[in-house]
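Protein chains: 2
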Amino acid sequence: MHPALEKMVEGKIELSAEERELIDSCFKAKTARRGEILVAKGSIARHVYLVVKGCLRIFLTGDDGSESTRFLLFEGRMGTAFPSFILRQPSVATVQSLEPSELLVLSYSDREMLFEKVRALEINYRKGLELDYIASIQRIESLITMDAKQRYMALLENSPEIVWRLPARIVADYLGISQETLSRLKGK
Amino acid sequence: MHPALEKMVEGKIELSAEERELIDSCFKAKTARRGEILVAKGSIARHVYLVVKGCLRIFLTGDDGSESTRFLLFEGRMGTAFPSFILRQPSVATVQSLEPSELLVLSYSDREMLFEKVRALEINYRKGLELDYIASIQRIESLITMDAKQRYMALLENSPEIVWRLPARIVADYLGISQETLSRLKGK
Numbered sequence: 001m002h003p004a005l006e007k008m009v010e011g012k013i014e015l016s017a018e019e020r021e022l023i024d025s026c027f028k029a030k031t032a033r034r035g036e037i038l039v040a041k042g043s044i045a046r047h048v049y050l051v052v053k054g055c056l057r058i059f060l061t062g063d064d065g066s067e068s069t070r071f072l073l074f075e076g077r078m079g080t081a082f083p084s085f086i087l088r089q090p091s092v093a094t095v096q097s098l099e100p101s102e103l104l105v106l107s108y109s110d111r112e113m114l115f116e117k118v119r120a121l122e123i124n125y126r127k128g129l130e131l132d133y134i135a136s137i138q139r140i141e142s143l144i145t146m147d148a149k150q151r152y153m154a155l156l157e158n159s160p161e162i163v164w165r166l167p168a169r170i171v172a173d174y175l176g177i178s179q180e181t182l183s184r185l186k187g188k
Numbered sequence: 189m190h191p192a193l194e195k196m197v198e199g200k201i202e203l204s205a206e207e208r209e210l211i212d213s214c215f216k217a218k219t220a221r222r223g224e225i226l227v228a229k230g231s232i233a234r235h236v237y238l239v240v241k242g243c244l245r246i247f248l249t250g251d252d253g254s255e256s257t258r259f260l261l262f263e264g265r266m267g268t269a270f271p272s273f274i275l276r277q278p279s280v281a282t283v284q285s286l287e288p289s290e291l292l293v294l295s296y297s298d299r300e301m302l303f304e305k306v307r308a309l310e311i312n313y314r315k316g317l318e319l320d321y322i323a324s325i326q327r328i329e330s331l332i333t334m335d336a337k338q339r340y341m342a343l344l345e346n347s348p349e350i351v352w353r354l355p356a357r358i359v360a361d362y363l364g365i366s367q368e369t370l371s372r373l374k375g376k
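Note that the protein sequences, when read in sequence, are chains A and B. So in our numbering the end of the first sequence lands on 188, straight run, no missing numbers. So in our numbering the end of the second sequence lands on 376, straight run, no missing numbers.
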């Protein structure tokens with residue numbers, strides 16, 4: 001099994017040799033260039049992406065061309081334009097590779113088949129989904145209760161890699177603040 | 189099985205008579221008064237609540253006593269202070285019954301046992317969780333991309349019951365806008 005898949009299940013679930021082989025055969029390796037669009041706005045997200053190396057950004061675009069970053073996925077994380085992937089509807093969000101990325105890609109139908117055949121994998125997925133849901137709840141909390149400074153401090157504490165690794169434009173946009181406000185906060 | 193539980197699984201999964209009985213035995217009936225606190229801030233949420241009648245509100249309190257509504261749960265919906273319930277940590281949020289409510293209550297350990305014994309129920313839960321996660325993603329989208337008027341229009345379209353059923357204070361707070369802005373938007 002691919003080392004990134006090993007890491008995903010390591011210490012969490014037990015798999016037979018047959019199950020490992022089946023899982024490995026469903027995840028296809030893919031590389032993405034810096035800036036490459038993996039899911040375009042208006043198309044259906046047909047895959048979920050496990051980030052082996054690099055970073056994916058899921059963002060929204062306004063009518064005026066403005067961009068709002070919804071999520072960032074770093075190494076070891078799995079994601080896609082989730083509402084589109086699950087509901088089989090055109091995506092309102094765009095999925096882009098922010099850096100040169102190595103990915104493992106799983107299709108919707110292979111995912112269904114894997115969950116059907118490998119129960120432990122579905123349980124592992126469900127528990128991961130609960131944590132993703134908690135992260136989104138905490139994101140909502142930070143958006144409804146914190147001001148710019150508090151959001152920046154929380155980001156520094158919980159996900160410092162976002163601050164030091166990504167362009168200021170993306171960080172400001174993720175926090176929902178202007179670049180000027182961000183550089184003022186960084187200065188303090 | 190309780191009619192509210194029937195409705196939860198109806199047309200989605202097949203259950204044996206034995207499984208129905210097991211599920212029914214795990215959900216305990218509970219009534220809550222208007223304003224009653226079900227999970228206090230700082231305590232651990234030990235149950236998940238299915239709303240049979242009434243409405244639950246999950247909200248955050250600021251140091252200055254201000255309240256921010258994170259979620260509202262109406263009839264047929266299930267929820268709790270989710271991060272606390274899953275992570276077994278003190279809750280940052282409060283769960284309150286906004287109206288006189290009839291609830292069905294499931295403990296953490298009974299939930300684990302049910303998922304272990306009734307696989308179809310876990311699959312049904314996982315699919316519901318995916319939809320809850322999508323709803324939270326859309327809430328994040330609305331918070332990062334919409335202004336007060338757009339958020340109000342989206343709420344009217346997607347969850348009109350929130351607007352006509354709940355006090356203006358709660359609606360304004362859910363939208364993250366002032367009551368003055370809300371009554372101005374309603375007037376238009």
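It is worth saying that the hints were derived from the structure and are not from the lab. Just so you know, not all the hints are guaranteed correct.
Calculated cross-link-like contacts (lysine-lysine; reagent style PhoX-like; alpha-carbon spacing at most 20 angstroms) [to be verified]: (1) 374/B to 337/B; (2) 30/A to 12/A; (3) 216/B to 305/B; (4) 195/B to 127/A; (5) 7/A to 30/A; (6) 7/A to 127/A; (7) 305/B to 117/A; (8) 53/A to 41/A; (9) 305/B to 337/B; (10) 216/B to 195/B; (11) 127/A to 315/B; (12) 117/A to 195/B.
Against the structure, the hints come out as follows:
Of the pairs offered as hints, the one joining residue 374/B and residue 337/B holds, with about 10 angstroms between alpha carbons and a cut-off of 20 angstroms not exceeded. For a cut-off of 20 angstroms, the pair hint linking residue 30/A to residue 12/A is broken: about 26 angstroms separates their Cα positions. Of the supplied pair hints, the one linking residue 216/B and residue 305/B holds, its CA atoms being roughly 19 angstroms apart against a limit of 20 angstroms. For the proposed pair residue 195/B and residue 127/A, the alpha carbon gap of about 25 angstroms is over 20 angstroms, so the pair is violated.
Under the criterion of a C-alpha separation no larger than 20 angstroms, the hint pairing residue 7/A with residue 30/A is consistent with the structure, at around 18 angstroms. For the given pair, residue 7/A sits about 15 angstroms from residue 127/A by alpha-carbon distance, which is consistent with the 20 angstroms threshold. As the CA atoms of residue 305/B and residue 117/A are separated by approximately 17 angstroms, the hinted pair is consistent with the 20 angstroms bound. Between residue 53/A and residue 41/A the CA atoms are separated by roughly 24 angstroms; this puts the pair beyond 20 angstroms, and the hint is violated.
A C-alpha spacing of about 47 angstroms is found between residue 305/B and residue 337/B, which places the hinted pair above 20 angstroms, so the restraint is violated. At most 20 angstroms may separate the alpha-carbon atoms for a hinted pair to count; residue 216/B and residue 195/B meet this at roughly 16 angstroms. The straight-line distance between the Cα atoms of residue 127/A and residue 315/B is roughly 13 angstroms, inside the 20 angstroms bound, and the hint therefore holds. With a CA separation close to 28 angstroms, the supplied pair residue 117/A and residue 195/B exceeds the 20 angstroms bound.
The structure does not agree with the numbered hints 2, 4, 8, 9, 12 stated previously, though it agrees with the rest.
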